[in-house]
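Knowing the structure of chain A, use the given hints to seat chain B on it.
So the sequence lines, in the order shown, correspond to chains A and B. The first sequence runs 1 to 177 under the working numbering. The second sequence runs 1001 to 1233 under the working numbering.
Hints were generated in silico from the structure; no laboratory data involved. Misleading hints may appear alongside valid ones.
[As the list claims (entries may be wrong)] To be clear about the criterion: a stretch of chain A counts as covered by chain B if any three or more of its residues have a C-beta under 8 Å from a C-beta of chain B, and this derived list gives those stretches:
(1) 11-17
(2) 127-133
(3) 157-167
[To be verified] Straight line, CA to CA, 25 Å or less: simulated SDA-like cross-link-like pairs of lysine to any residue:
(4) A/Lys164 to B/Arg1048
(5) A/Lys164 to B/Asp1044
(6) A/Lys164 to B/Thr1026
(7) A/Lys58 to B/Asp1018
(8) A/Lys58 to A/Gly28
(9) A/Lys164 to B/Leu1010
(10) A/Lys164 to B/Leu1043
(11) A/Lys50 to B/Gly1071
(12) A/Lys58 to B/Pro1063
(13) A/Lys164 to B/Gly1071
(14) A/Lys58 to A/Val149
(15) A/Lys164 to B/Arg1054
(16) A/Lys50 to A/Gly28
(17) A/Lys164 to B/His1041
(18) A/Lys50 to B/Arg1054
(19) A/Lys50 to B/Ala1092
[Unchecked claim] Derived Cβ-Cβ restraints for the label pairs, each shown as a range:
(20) A/Ser55 to B/Thr1095: 23 to 31 Å
(21) A/Asp121 to B/Leu1107: 48 to 56 Å
(22) B/Thr1026 to A/Ser74: 21 to 29 Å
(23) A/Asp4 to B/Gly1022: 22 to 30 Å
(24) B/Glu1057 to A/Asp4: 32 to 40 Å
(25) A/Arg46 to B/Glu1030: 33 to 41 Å
Every residue gets a Cβ at the ideal spot worked out from N, C-alpha and C, and that includes glycine.
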Amino acid sequence: MAGDPQAFEDFYHEYAGMIFNIALRQSGDPELARDLAQEAFIRLFRNLRKFQGRSSLKTWVYRVVLNHCRSRLSRRKVALQPLLDDQGRERDLLDERRDPEERAEAASSRDLIQRALLDVDTTYREALVLRDLEELSYQEIADVLEVPVGTVRSRIARGRDRLKTAVERIQQSEGRA
Amino acid sequence: MNAVTSPCDLEVLSAYLDEELGADETARVEAHLDTCHACRHRLDGLARVTETLRGLERAAPPPILEEMVLGRREVHGARSWSGRLAQMNESARRTRSTIGLVFAMVLMLVMFVYLFSLAQSRRTPTSTVISVTSEQLGGLPSVDRPLLLVTPQEFPDPAVLRAWQERQGVTEVRRHPAVTAAALVTLDFDALDCASAPSARQAAGQAGTSPRLIAELSLQDGAIRCALRRAPP
Chain A
1 MAGDPQAFED FYHEYAGMIF NIALRQSGDP ELARDLAQEA FIRLFRNLRK
51 FQGRSSLKTW VYRVVLNHCR SRLSRRKVAL QPLLDDQGRE RDLLDERRDP
101 EERAEAASSR DLIQRALLDV DTTYREALVL RDLEELSYQE IADVLEVPVG
151 TVRSRIARGR DRLKTAVERI QQSEGRA
Chain B
1001 MNAVTSPCDL EVLSAYLDEE LGADETARVE AHLDTCHACR HRLDGLARVT
1051 ETLRGLERAA PPPILEEMVL GRREVHGARS WSGRLAQMNE SARRTRSTIG
1101 LVFAMVLMLV MFVYLFSLAQ SRRTPTSTVI SVTSEQLGGL PSVDRPLLLV
1151 TPQEFPDPAV LRAWQERQGV TEVRRHPAVT AAALVTLDFD ALDCASAPSA
1201 RQAAGQAGTS PRLIAELSLQ DGAIRCALRR APP
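Bound conformation, chain A alone:
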């Protein structure tokens, strides 16, 4: 693939959505997520020759992206940022065919859960994203994170508990029901 532009373009289209969403949920910042995704693609491209096929390609891609996000974000405090379009207006990531009321409610809920997710420790957040957003099985998550299945189970459980606490805390601080 390294010498085949078409193959690389196919690879991009296959994994761009997954990589961008991982970066977005880890960072909470669409613009940062865009840069993280581009950097992740560079790492993937440069290290593809080192991929030995001991795991599936998808597992390896997940692992590279998560490792990259972890190392880049460890030194900065992430905060939720809106996505701006080319004219600097806030862009809605949801399906624009929804009616305005639905979109407003969904945006509020989305904003709440994303903020709560950022309050959860990285270790637990990664497991939650892989399970509830990427829909990987416990075994697949164990392969990506290179930990035992029991550890995955523990991280998901604790992550959900922390997420629930974070949601309640945010709702209380904003006076929501």
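Quick look at chain B alone, frame taken from chain A:
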């Protein structure tokens, strides 16, 4: 896994929610949930937050990401894919060049030191060999001083001494103590020529005895000298 008991096990409930428990364990959890309100409440809480999280719709990557990754244009000062890759490749190339240059210099230095050491070790001894004829010695005086016997076994190549003795017609070789074993081993025997050997042999023959000649090696003025002596009767 142990059966679920109160207080409810968070990990088991979470795995149950994900349908990641085995059949037996699932049955045990469901049986327990029928009787434990606390566990049902906790499970509901987990389910609500999980459902909310799963409700986060998948965001489409911005179109600009494709252009950045596939190298079609620069974006607001952010380097394009090709720009970033070119910069990383250039940096890697410079590093490789520097490492290669340093390696080549170290290799040249090692080769120079090796060749210099080799040249030093092959230098011929400075000792000068002077042949002394029996006439200069006034005949063939007998050996009357204690000398050290030189044997072929003292040499890395014993054949060197044997061959020289045969050429010179010398039965035995002896050395003064001043002629050290180390100097002897490095002596160039091809240049050590006891020129009086034929006449000495002839003189010994005239005495009616079997020619037994001894080469006596001594050190004089920093040089190894060779003199022929007749062996004592």
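A quick look at each hint next to the structure:
no., hint, in the structure
1, 11-17, "holds (count 3)"
2, 127-133, "holds (count 4)"
3, 157-167, "holds (count 7)"
4, A/Lys164 to B/Arg1048, "9 Å, holds"
5, A/Lys164 to B/Asp1044, "11 Å, holds"
6, A/Lys164 to B/Thr1026, "24 Å, holds"
7, A/Lys58 to B/Asp1018, "21 Å, holds"
8, A/Lys58 to A/Gly28, "23 Å, holds"
9, A/Lys164 to B/Leu1010, "13 Å, holds"
10, A/Lys164 to B/Leu1043, "12 Å, holds"
11, A/Lys50 to B/Gly1071, "23 Å, holds"
12, A/Lys58 to B/Pro1063, "22 Å, holds"
13, A/Lys164 to B/Gly1071, "42 Å, violated"
14, A/Lys58 to A/Val149, "18 Å, holds"
15, A/Lys164 to B/Arg1054, "13 Å, holds"
16, A/Lys50 to A/Gly28, "31 Å, violated"
17, A/Lys164 to B/His1041, "13 Å, holds"
18, A/Lys50 to B/Arg1054, "34 Å, violated"
19, A/Lys50 to B/Ala1092, "17 Å, holds"
20, A/Ser55 to B/Thr1095: 23 to 31 Å, "30 Å, holds"
21, A/Asp121 to B/Leu1107: 48 to 56 Å, "51 Å, holds"
22, B/Thr1026 to A/Ser74: 21 to 29 Å, "38 Å, violated"
23, A/Asp4 to B/Gly1022: 22 to 30 Å, "45 Å, violated"
24, B/Glu1057 to A/Asp4: 32 to 40 Å, "33 Å, holds"
25, A/Arg46 to B/Glu1030: 33 to 41 Å, "50 Å, violated"
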